[in-house]
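Novice: Go ahead and model the full structure; you've got the sequences and the hints to work with.
Here the numbering used here is used: position 13 in the sequence shown is 13, and no number is missing along the way.
The hints are all genuine.
Think about it this way: if two alpha-carbon atoms lie no more than 30 angstroms apart in a straight line, the pair counts; the simulated BS3-like pairs of lysine-lysine are:
id, residue 1, residue 2
1, K188, K225
2, K176, K67
3, K191, K176
4, K102, K128
5, K108, K44
6, K169, K157
7, K168, K67
8, K188, K157
9, K225, K44
10, K102, K67
11, K168, K225
12, K225, K128
13, K191, K157
These are computed hints drawn from the structure, not numbers from a lab.
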Amino acid sequence: MASLSLRRVINLPRLILAAALLVAASSAFAQPPVAPFNLDYRLKSEGIPFSITATRSLHQVQGGLWKMEVSARNWLGEIRETALFNWQSCTPQSSYYGYMRKGLGRVKEAKLHLDHEAGIAASERTGKDMLSYPISDAATDELSVSLALQCALAEGKQDIRLDVADEKKLEQQHFKVVGQESLNVDGKRLKTVKVQRIRAEDSERQTFMWFAPSHNFLLVQLLQKNNDGEHVMTLQSLEGL
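Specialist: See the structure below:
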């Protein structure tokens with residue numbers, strides 16, 4: 001598992017992941033902007049002779065709090081990413097992000113706590129000093145980015161900017177719809193909208209995502225190109241959707 005990092009595969013995440021908010025009648029939403037789900041994706045990296053199955057899930061924890069999680073494991077180890085958030089309009093306003101990787105007798109962890117009232121994020125990482133930095137009220141986390149994009153696309157947006165917090169800093173990420181494509185999912189052709197993360201011209205990293213309009217703009221595929229090759233996450237089946 002050390003050679004196939006879920007974080008590289010799902011940069012925007014990291015690998016990648018969706019959310020929902022079910023609120024009381026007096027709340028802003030009668031229904032969550034993104035419905036709960038539990039789906040399997042295939043992870044494949046260039047140079048790795050096998051693929052790995054990752055489970056991507058979203059469910060309500062309590063009240064307006066939602067949990068997004070992506071997990072993958074094989075005989076080499078395990079990777080798990082978790083986010084907790086509340087919906088604020090179309091943004092998953094994150095309160096926690098956690099990352100854990102086990103493999104080859106080692107454990108690597110990262111935890112990010114976001115205090116929106118204080119406007120501060122605090123980060124803990126294995127082998128690193130605790131770090132804190134200021135955040136905006138609209139800050140989300142890397143794992144929940146795909147959910148924010150899913151909601152924004154459903155609202156008809158083509159050019160999207162998000163404040164994203166990770167273990168080191170807050171940055172504004174820019175995404176743009178760059179076309180439409182049909183992808184093969186479980187033997188069926190599915191029409192998708194293709195979204196690109198807009199990076200600096202000298203960046204060696206490229207990130208593309210495909211969302212399905214027929215399924216409330218569900219994330220179907222994510223492709224990341226690094227200097228070490230291509231890493232792809234693809235939805236395995238539409239069953240149950």
